[in-house]
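> Spelled out, the chains give:
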Amino acid sequence: MSEANSDHDRPLGISGRLTKAFIGSPLTPLFLLAAFALGLVALFALPREEEPQISVPMVDIFVATAGLKAEDGVKLVTEPLETIIKAINGVEHVYSNTVDDQVLVTARFFVGTKSDEAILRVHEKIRANMDRIPTGIQEPLIVGRGIDDVAILTLTLAPKAEAAGRFEDNALYHLAENLLVELAKLEDVGLSYIVGGRPDQIRVEPDPEKLSLYGVTLSQLIAKVRDANRSFPAGRIRDRNQSIAVNAGQTLRGVPDIGLLLIATRDGRPVYVRDVASVVVGAKPLERQAWHFRKDAKGELERVPAVTIAIAKRAGANAVLISERVNHRLVELRKTLVPADVEVVVTRDYGETANEKANELLFHLGLATVSIVLLMGLVIGWREGLVVLIVIPTTILLTLFASYFMGYTINRVSLFALIFSIGILVDDAIVVIENIARHWGMGDGRTRSQAAIEAVAEVGNPTIVATLTVVAALLPMLFVSGLMGPYMAPIPANASAAMVLSFFVAMMVTPWLMLRIAGRHVAHGGGHDSHDGGWLGRTYMRVARPILATRASAGWFLGLVGAATLASLVLFATKSVTVKLLPFDNKSELQVVVDLPRGASLEETNRVLQAAAGRLGDLKELSSIQAYAGTASPFNFNGLVRHAYLRADPQQGDLQINLTPKGDRKRASHDIALDVRKRLKGLELPAGSVVKVVEVPPGPPVLATLLAEIYGPDADSRRATAREVRKIFQSVPFIVDDDDSFGLQAPRLRVSIDQVNLEFHKVEERDVYDTIQAYMSGVSVGYSHRGGGRHPVEIAVQLPKSGLTLTAKSLSTPVPANALPGERGIVELGDVVSIRQERASFPIFRHNGRAAEMVMAELAGAYEAPLYGMLAVADAINKKDWGSLPRPEIRMHGQPEDEAKPVLLWDGEWEVTWVTFRDMGAAFGVALLAIYILVVAQFGSFKLPLVILTPVPLTLIGIMLGHWIFRAPFSATSMIGFIALAGIIVRNSILLVDFIRQRRSSDISLRQVLLEAGAIRFKPILLTAIAAMIGAAVILFDPIFQGLAISLLFGLASSTLLTVLVIPAIYVVLRDDGRAIAE
Amino acid sequence: MGIANLRMMAGMTLLLGSAVAAYAQGAASAVAPWQVAEHEIDDLKAVFATVRSKDRIEARVRTPGTVVTLKVAEGAHVEAGQVLALIADPKIALSIKALDARIVGVESRLANAKVELERAEQLRLRGVTPQARVDQLKTTFDVATNELKAARADRLIADQQVSEGEVLAPAAGRILKVPVTDGSVVMAGESIATIAANQYVLRLELPERHARFMKVGEAVRIGARGLGVDEQAMSEGRITMVYPELQGGRVLADAEVSNLGDYFVGERARVWISAGKRRTIVIPPDYVFKRFGLDYVRLARGKAIADVVVQLGEGASLPDQANGIEVLAGLRSGDAIVRPAVQP
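From first to last, the protein sequence lines stand for chains A and B.
Counting from 1, position 359 in the first sequence corresponds to residue 359 in this note's numbering; the numbering is continuous, with no gaps.
Counting from 1, position 160 in the second sequence corresponds to residue 10160 in this note's numbering; the numbering is continuous, with no gaps.
Read the hints as simulated data drawn from the structure, not as lab findings.
Cβ coordinates follow ideal geometry from the N, Cα and C atoms, glycine included.
Don't take each hint at face value.
[As the list claims (entries may be wrong)] Under the rule of at most 25 Å between Cα atoms (straight-line distance), these lysine-lysine pairs were calculated in the BS3-like manner:
#: 1; chain 1: A; residue 1: K298; chain 2: B; residue 2: K10149
#: 2; chain 1: A; residue 1: K160; chain 2: A; residue 2: K335
#: 3; chain 1: B; residue 1: K10277; chain 2: A; residue 2: K681
#: 4; chain 1: B; residue 1: K10290; chain 2: A; residue 2: K801
#: 5; chain 1: B; residue 1: K10177; chain 2: A; residue 2: K295
#: 6; chain 1: A; residue 1: K284; chain 2: B; residue 2: K10114
#: 7; chain 1: A; residue 1: K678; chain 2: B; residue 2: K10303
#: 8; chain 1: A; residue 1: K284; chain 2: A; residue 2: K801
#: 9; chain 1: B; residue 1: K10303; chain 2: A; residue 2: K620
#: 10; chain 1: B; residue 1: K10177; chain 2: B; residue 2: K10071
#: 11; chain 1: A; residue 1: K160; chain 2: A; residue 2: K125
#: 12; chain 1: A; residue 1: K295; chain 2: B; residue 2: K10091
#: 13; chain 1: A; residue 1: K69; chain 2: A; residue 2: K86
#: 14; chain 1: B; residue 1: K10290; chain 2: A; residue 2: K160
#: 15; chain 1: A; residue 1: K727; chain 2: A; residue 2: K880
#: 16; chain 1: B; residue 1: K10177; chain 2: B; residue 2: K10091
#: 17; chain 1: A; residue 1: K801; chain 2: B; residue 2: K10277
#: 18; chain 1: B; residue 1: K10277; chain 2: A; residue 2: K298
[Unchecked claim] Anything over 10 Å on all C-beta distances counts as not near chain A; from chain B, calculated:
#: 19; residue: R10152
#: 20; residue: G10249
#: 21; residue: R10332
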């Protein structure tokens, strides 16, 4: 490289000056140490999570519209409320679900909105419009739930096998209450709650017939118990110069004293509470059950009652630390608080999984570093390798520190960003090291440091440009919108930071290190392979020579490569490579969500859950199952988006399936999920039930993978269309777990007052309704204070569950009659009411103010991305004979303006996929433009950058083939890899073109120049490519980032190998001077 | 089968309130599963019924006087014609004495008249006395004879008056009320005791809306005495009388029940009448067992067995078995259940 000598006196540039300042400075080692220290601080201080937390604040507004049918609720409450919510800044979607007696409006804010702000805004807006609330509607309940409310730790309390018979869920519940209080004391523990179990209750169970026989009304009974249970401060008295507080009353203790309360005297007979009611102490009759299934000694499933404690963390706290704290405290509590025959099973520990994942990835990071160091040691020299060994961790640690400031956490994505950037960030160091070594090898009498400064200055500008191209390729991805934006954000942010930092480390620290470590040794490298590029160069020449031999051969070659690139895209069309947002992750949990038709009983749900669990008993990978009927398992991120925490109806239930740790099983959770789905097939279910196998989604959760929103002019036609669409869903073999949003109408009874009888018996409506309400739902009258650190026990007048039927008995409930003073009597409820069967309204779901029905499904089997389901469904819709129904129009994005015709809008994962790939495509365009501008700035030409950009599409050959070989879907991470490759690969072509330009002169033939340039640059290009490929290779088997790894690995391979041939070939075709290559 | 098992099962059966016999039966038919099906059961409506006697009779005083002896107290059983009390009037005793004295006087007068008449007849035969004298004496004799008769009759009247002071039971039954005490003065027609005739009935009062279910001959079930919590019906009866008039918005009806003898009259009992029919799932109670504070039944699915939680309702009768229990939720028609003794 003789031309370098002539540049000795050229200006140093930024890089040269940086090197000059730091190469001899005593600050450099301090800087190095500081970088290490800061990085380590960041490593331990950064919160660790498994997944990046996406802040999608969702604020639920519940309005109880007692007595309103869904249709009326929409008009009276939903529509005005939606309008108010829609006006709030930052609200992206307004969903509403109106059912009989209840309206739920959910405001979903733009991704990234702070959840406190979101809740505050909604509160403020609702408050400001409080004067508009319709008569009789209570104040709305506003609940904001965010990612921080997702429990990171769940503990399931269950009796041990030998004590199983002795424990009922109320005992477990109170134990859990105490345990929760203890655990909530720990630092940074956030929202915590108990799932399952029933608290104790002292229950006065009225016997309506006896009430009637004795002529005592329910309200008299309630009033009696309530009044007897009062305790309150009455005031103060003065006595002998003291002021003494006076308290009145006492609370009831339990069965005997409540039973002996005198209610009234009838026919001269005293009527005590125990005459008309039985007083029992026991679990509150709640409509929920929780069970723990575990394998007993024989390996068979054993079912015991369970109560689960869910513990979330505070925002920004470190899940790993909290989990450790809780687990540590639990060790103590197991000895003291928890009885010996109750086991506390940790059924979810995101802290542990996050730590596991982080450690695994940090190990990969180390592995990649060591591999690259070995590569450097082998190719350049072990001293240079040693320098790289120091440079990489410094850069990585500094990047961690930077991500500390940018507010990112240590999670799988940010760590992947680091692993992936190792391969690229080492480039700057390699270039600098190699050039310093080369300059030292010249032996032209300069001092080592002077030579080093000049060496750095020489490669400085191209390095800056190369660094900037990578940043330019990555950074636009930071602006990807939607749910995937923040999920993927750590990649552009961290990798860009790593690139920029690597530049400074390369310029400031590397020369200093070179001088210290390798300074006294004569480096090899340098001049000797300058003309043929060593054996690599010779190999290159053998391949390139026939291609570059003539213009025609070069043209043929270009044509072939172009065709191969296009051909590779055919793999998309043949569905050999599928497109999916993200592949399934390998998690340790699964859920089976069961929805029986509305109106099914808790026991029925429980039975279905039990039968389902029974079929999973012999699953090898099973650790335990928790079944929740009439309540929901502690929700995860997926559950947060799907509003799983609202699932508290008796017909709803789920199985939380916990798998053995990843290391102990062969199958990934997705395969197990498929197996579970297969096993559950043919489960005996009531008609209209839906059983879904729900996996933890790899990225952002959605309501359903395949989600069709059906819009249309009226509810009936929407439902008719939706039913047809659901049938179509069922006809596609790989569409599973189909469901719809409206379901079946639940049966319901209406008790209405018979006015004629009311008048005849002189009964007041209020008395009738009060009686019905108290009878059906019971009345809590207060608490029995226990003292001594025990929980006060609720006293309620309530029917036992066995009495909740509508028979002649219940209709005997007395109602006060003859409201004239002194003439009070009773009539039976049955005398004044009539009962008729009716059906509940269909729920009305509205999305941004437009009524829509939803048809939901998952995909499993041949294709697992929504796109293919959509294609199959679209095909079926077109082929189907719609009869009297109009054929729905299919929309891919955006709600229809006109709801007069039925429209099927694809939502769910497709929406996220669409937004993500759209934004990534845009990011790719911006990246190309930015690279183009950078290259124009570097070369001062408009056309040359086009040549430089040609290798970008060449990556596709490798990417597509790689995905095809690995049977991996082309995912968002693949796309990230593809975009990042543009930056990486362009840097190779810049170096090559730069070299060709410098070499070109009139005395050598162009083909000769091209061949030599290729041969000399081939080694460094290959070296950097291999370094980047090593970085990618360590993540090749991660389920989610496989796409990124394949893109990098195969894309780099194909484009690196082709770039060095294609760029010279373009030169030959366009600028050939007709002179042959000299032998 | 281990001892522990036996004990457990015994415990379960006890828990269910079934007799040990049920266990033996359970073991015998343990293998054959019970087919769960919907049964039509009576929608039972409970009412208070009051025990009443069919007739209520007063034992009344025939003669005024003072109660000398009261022979019965409240609650006593009496037969028809039994003397309940004695009512006495002191004036009658005096008049008996006077009558007796008069009879004695009349008798001696009659004896004298007879002697004189005989003598006069002798003398007339001999012609000593005139016929007129004989006739005169004859008349005197006849008068005395009739006087005696009259005195005797008076005496009988007095005796009758004494016997009318006995108050007799007009019919067999139980004494409900005795409003007088010894020594109290009573007037004729006043009641000495109220007797409930032996036949008891239950008087039912039902809200008007159940009027259509009230038919003569309809069965009713009577709950245990004392209105206890025990919901099991103790005995059965039939409606014998439905009163044509509603009182206070209620239909009145009488039911006859066999063993009401020990009941207090006016005692209230819980009575269930059928107020329509409804379909529901009913199973025998010994198929149910308790665990973790919940009720379970054991389902048989082919050879496999699964325990499912059920929500029980109230007791109900099965067509072929008296006892059954309603299952509100957790079982479907067509399920087969086995007794808890059957091990999986």
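> Against each hint, give a clear statement of whether it holds in the structure.
Verification of the supplied hints:
no., hint, verdict
1, A:K298 - B:K10149, "violated, 114 Å"
2, A:K160 - A:K335, "holds, 15 Å"
3, B:K10277 - A:K681, "violated, 39 Å"
4, B:K10290 - A:K801, "holds, 15 Å"
5, B:K10177 - A:K295, "violated, 74 Å"
6, A:K284 - B:K10114, "violated, 109 Å"
7, A:K678 - B:K10303, "holds, 22 Å"
8, A:K284 - A:K801, "holds, 10 Å"
9, B:K10303 - A:K620, "holds, 23 Å"
10, B:K10177 - B:K10071, "holds, 13 Å"
11, A:K160 - A:K125, "violated, 51 Å"
12, A:K295 - B:K10091, "violated, 103 Å"
13, A:K69 - A:K86, "holds, 24 Å"
14, B:K10290 - A:K160, "holds, 18 Å"
15, A:K727 - A:K880, "holds, 11 Å"
16, B:K10177 - B:K10091, "violated, 30 Å"
17, A:K801 - B:K10277, "holds, 22 Å"
18, B:K10277 - A:K298, "violated, 48 Å"
19, R10152, "holds, 58 Å"
20, G10249, "violated, 7 Å"
21, R10332, "violated, 8 Å"
Checked against the numbered hints above, the structure breaks hints 1, 3, 5, 6, 11, 12, 16, 18, 20, 21 and satisfies the rest.
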